[in-house]
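Protein chains in written order, with the working numbering: chain V, 1 to 176; chain G, 1001 to 1117.
I should point out that these hints are in silico values taken from the structure, not numbers from a laboratory. Just so you know, these numbers come straight off a predicted model, no measurement behind them. Even glycine gets a Cβ: it sits at the ideal position worked out from N, Cα and C. Hints may contain errors.
[Unchecked claim] Covered stretches of chain V, going by a simulated chain G footprint (3 or more residues, C-beta under 8 Å):
1) 28-35
2) 42-55
3) 100-109
4) 148-155
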Amino acid sequence: METPVEAKVRAMARTRSTAVMFATLLLFWLMLIGNLTLDALIVGVLASLVIAVLYPNGISFFTELRATPEAFVAGLRYYGYFFKELVKSNLRLTAIVLSPSLPIRPGIVKVRTRLRSRMGRLMLANSITLTPGTLTVEMDSEWLYVHWTNVESDDIEAATGAIVAGFERYLEVIYG
Amino acid sequence: MSSLLAVVGGILLVGGTAFLLFGAIGLVRMPDAYNRLQAGTKTTTLGTLLSLAGVACLHPEWALKLLLIGIFLLFTNPLSSQVLARAAHRIGVKKAPQTVVDRLEEDLAEKDLGARP
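Okay, chain V solo, but in the shape it has when bound:
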């Protein structure tokens, strides 16, 4: 049985999640429409409200975000690191596809994450897919199965260190 206090906490969490969804949708709508006239605003508010209410479990950018200064700094550093890795992964891939011998040693390895939040795990899986030689194939709670173009190690600890640790460090602070 759920106690009244627990029910209240859950209801508050749901209200907060709906509000976050609403704000995100409205922000994107306003960026897309590019003006702040009254009719654009009314349409945006109505549409965002309906979607936010219909999808209480939807996740967005700001779901489960920790609104602290540390999280903000970690967010900036995360994006810096992310774009650096994205460029690196493209250069490495270019070198592979342009070399006549096609030097690959592919395989699917298993890694583990410490992240608990849904958004944190989503961002981690996405980041892994966009970084050098790795592609998330399957997720099973804390385990991720990652396709690796050049398997450096199929040991769980070593692979986690090479693939997950770089992003986890920042995402842990941002989403938990």
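Using the hints, position chain G against chain V.
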């Protein structure tokens, strides 16, 4: 000022197109579905982002909308590749002969054995 922006925009567009070309070459040369997805995902993401940045330099008034497209791209591109890779693995798409290890298949086989009476 605007001519400098045009030059920067042109360079970004050429850079983006180059990565898209390398991605296309990767699609042809890679040996199996998973490696092709890798080539496709990374290069299309950076290639398209660079192209969008190039267009933003040439048409600064579109910058906000281009940024929005970039954000959607960053979220949806890896997600769709992951879903494709997962679907490929589930229906048993063949892996390249060079493949050295497949932990996912090992774990799935273990679970199947455990489920049998």
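Consistency of the hints with the structure:
With 4 residues having a Cβ less than 8 Å from any Cβ of chain G, the segment 28-35 of chain V passes the three-residue criterion, so the hint holds. Coverage of the segment 42-55 of chain V by chain G is violated [criterion: at least 3 residues with CB-CB distance below 8 Å; count 0]. A count of 7 residues in the segment 100-109 of chain V with a Cβ less than 8 Å from any Cβ of chain G is obtained; the coverage claim is therefore met, three being the minimum. Three residues within the 8 Å Cβ limit are the bar, and the segment 148-155 of chain V against chain G gives 3, so the coverage statement holds.
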